[in-house]
Amino acid sequence: GQQLNQSPQSMFIQEGEDVSMNCTSSSIFNTWLWYKQDPGEGPVLLIALYKAGELTSNGRLTAQFGITRKDSFLNISASIPSDVGIYFCAGPVLKGNTDKLIFGTGTRLQVFP
Amino acid sequence: NAGVTQTPKFRILKIGQSMTLQCTQDMNHNYMYWYRQDPGMGLKLIYYSVGAGITDKGEVPNGYNVSRSTTEDFPLRLELAAPSQTSVYFCASSPWTEGTQYFGPGTRLLVL
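Residue numbers (the numbering used here), protein chains in the order written: chain A, 1 to 113; chain B, 1 to 112.
Watch out, some of these pointers could steer you wrong.
[As the list claims (entries may be wrong)] Here's a subset of chain B near chain A, in silico, CB distances under 8 Å, partners left out:
no., residue
1, G42
2, L43
3, L45
4, Y48
5, V50
6, G58
7, V60
8, F90
9, T100
10, Q101
11, F103
12, G104
13, P105
14, G106
[To be verified] Keeping only pairs whose Cα atoms sit at most 20 Å apart, straight-line, the calculated SDA-like set for lysine to any residue is:
no., chain 1, residue 1, chain 2, residue 2
15, B, K44, A, P39
16, B, K44, B, L110
17, B, K57, A, L94
Everything labelled a hint here was simulated from the structure, so no lab data went into it. All of these numbers come straight from a predicted model, not from anything done at the bench. Cβ atoms here follow ideal geometry from the backbone N, Cα and C, with glycine treated the same way.
All chains should be built: construct the whole structure from the sequences, respecting the hints.
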């Protein structure tokens, strides 16, 4: 079945550094979603992308919908300690009559002061 | 709005016991979902519902059952708990099929 591959699996960076992560698929997606999961919490939506080539920002976060529609990128600028968590990409897959989200395995971010 | 709420937050079960994980949303969303997240992994869809009275299987439904008698509630039932069901369970809801999903805080289940 379809799956989303995220890289890197984990990152250990210093406060103030910029972060880049990506998500790739062998299939085309019409929507890309980026979620963040804080330790012990449920995922929270950060950015939603709906069009190939789209570039969308949310504060220090910027995400892009790849031109091929098979990938997406998330950048975090000037990281701070509260950026720690797991970042998941997700995309809807049509199964039966309903779209269902599939999630990548996540990129774990650790920020050191 | 409270959003999506889940109870309990944490539970320990013995093998063979049963329990129901509760999920409630107050956003009047039609679509609701149950996921499990194993350590170091992403989320896998167990069951979903497109509206009251309508449920369907996701990727990993074995060992679970659901019901959706109201728009607000979507309980997940484990009939015979097994160690393989040790996981964190998340409930989510969305306003439409392609809509972004809103997640609850999760229920941590340990089966011994």
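Problem - In rising order, the numbers of the hints this structure does not comply with - result: 7
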